[in-house]
Amino acid sequence: MRQRILALGLSCLLCWLSLVPLAWAWGDVGHAAIGELAEEALQTQDPRLRTLILRLREGPQRPQVRKAMLGFVVPAPGRALRTLANWPDWYKRQPGMLSADDQRHYVNLPFTARYQRTQHCANGLCSLETLLEQRAILARQRTSLAQRAVALAWVAHLVGDMHQPLHAGQAEDRGGNLTCVTWMGTPSERLTHDGKVSCSGTNLHVVWDSTLLETTSGVTDPDALAPLLRQLRPLWQRVQATEPPLTARTPEEWRAVVERWHHETQALIVGAHIYPPHGVIDAAYVQRHSQTVRLQLVRAAVRLAAMLQQSL
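Quick note on numbering: the sequence shown equals residues 1 to 312 in the numbering used here.
Some hints could be false.
Pair by pair, the computed Cβ-Cβ distance ranges are [what the hints assert, rightly or not]: (1) Q310 <-> N123: 36 to 46 Å; (2) P251 <-> R114: 13 to 23 Å; (3) H278 <-> S198: 32 to 42 Å; (4) F111 <-> R48: 21 to 31 Å; (5) E172 <-> S144: 21 to 31 Å; (6) E189 <-> F111: 21 to 31 Å; (7) Q287 <-> E259: 47 to 57 Å; (8) N123 <-> E264: 35 to 45 Å; (9) R79 <-> A256: 29 to 39 Å; (10) V280 <-> A224: 30 to 40 Å; (11) R117 <-> Q147: 19 to 29 Å; (12) L98 <-> V197: 35 to 45 Å.
These aren't lab readings, by the way, just hints derived from the structure by calculation.
As the structure is a prediction and not an experimental result, all values here were calculated from the model.
The C-beta atom is built at its ideal place from N, Cα and C for all residues, glycine as well.
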């Protein structure tokens with residue numbers, strides 16, 4: 001009976017979501033959940049994150065922090081990372097931002113290629129190089145609090161982005177943005193206008209950014225995460241048990257860690273059959289990949305907590 005009720009609920013939710021506009025950007029919900037889980041873990045393991053957040057929020061340098069973050073006020077401990085993790089997406093939408101601000105959220109490389117900095121990110125404008133850069137800034141205790149606030153937001157955000165499979169590669173179709181997909185019976189066709197390609201409906205990148213998560217969790221508001229967090233917390237120990245200890249100290253060791261994370265996420269594109277046959281996403285695809293999404297969110301949270309422990 002319970003399975004029938006859950007199936008009916010999922011069916012109704014899928015029908016509803018096929019009629020409404022689709023969100024984007026691993027979703028505010030996904031990034032908030034990653035930040036919340038990581039902060040929960042660090043609250044019991046390491047007081048340094050709480051101390052830093054209080055300094056950013058209440059210390060004598062708070063005017064400089066607020067200016068560096070374009071007026072953003074750092075929330076109180078307990079809700080800080082869930083909000084900071086979405087700041088880079090908010091930042092890139094502000095007037096006057098450059099295309100470079102968008103490029104920092106992903107890395108483009110051919111489908112079968114393994115990441116090489118000189119080949120795929122020579123200008124440093126990609127998720128891997130930005131994460132390494134911002135983690136180093138965060139770790140420097142003598143860096144201004146304003147710079148460390150911005151770095152904390154970028155680290156929280158980019159660890160999340162690196163675990164969304166379609167942020168990890170697929171230059172051929174811009175990470176799934178040019179793969180138009182039929183979503184629950186609603187077709188999507190490729191359109192070309194003034195030399196620019198788009199989809200008449202949704203595309204695979206949008207589905208993996210947010211639609212799958214919102215569909216299967218029923219959560220669309222990053223300020224109402226409780227139902228999703230209840231679904232994710234039981235996976236924490238399972239994911240953590242598979243993680244090797246994070247002992248990186250040198251820039252070379254950190255690079256090896258981040259490149260491994262990227263390669264694992266990129267491998268999911270083929271290994272988990274992310275691209276649906278004939279571009280059709282149905283209820284079976286959604287149910288099959290609901291666990292993939294949850295595991296990636298928790299994996300990102302576990303790794304974010306570990307990175308922060310080594311960097312504060």
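How the hints compare with the structure:
1. Q310 <-> N123: 36 to 46 Å: At 27 Å between Cβs, range violated.
2. P251 <-> R114: 13 to 23 Å: Once the Cβ atoms are compared, 20 Å apart, the range 13 to 23 Å for R114 and P251 holds.
3. H278 <-> S198: 32 to 42 Å: Hint violated: Cβ distance 20 Å, outside 32 to 42 Å.
4. F111 <-> R48: 21 to 31 Å: At 40 Å between Cβs, range violated.
5. E172 <-> S144: 21 to 31 Å: 41 Å, violated
6. E189 <-> F111: 21 to 31 Å: Holds, since E189 and F111 (Cβ atoms, about 23 Å apart) stay within the stated range.
7. Q287 <-> E259: 47 to 57 Å: 32 Å, violated
8. N123 <-> E264: 35 to 45 Å: 25 Å, violated
9. R79 <-> A256: 29 to 39 Å: About 33 Å separates the Cβ atoms of R79 and A256, which means 29 to 39 Å holds.
10. V280 <-> A224: 30 to 40 Å: Given about 31 Å between the Cβ atoms, the range holds.
11. R117 <-> Q147: 19 to 29 Å: 23 Å, holds
12. L98 <-> V197: 35 to 45 Å: Cβ of L98 to Cβ of V197: about 22 Å, so the range 35 to 45 Å is violated.
Checked against the numbered hints above, the structure violates hints 1, 3, 4, 5, 7, 8 and 12; every other hint is satisfied.
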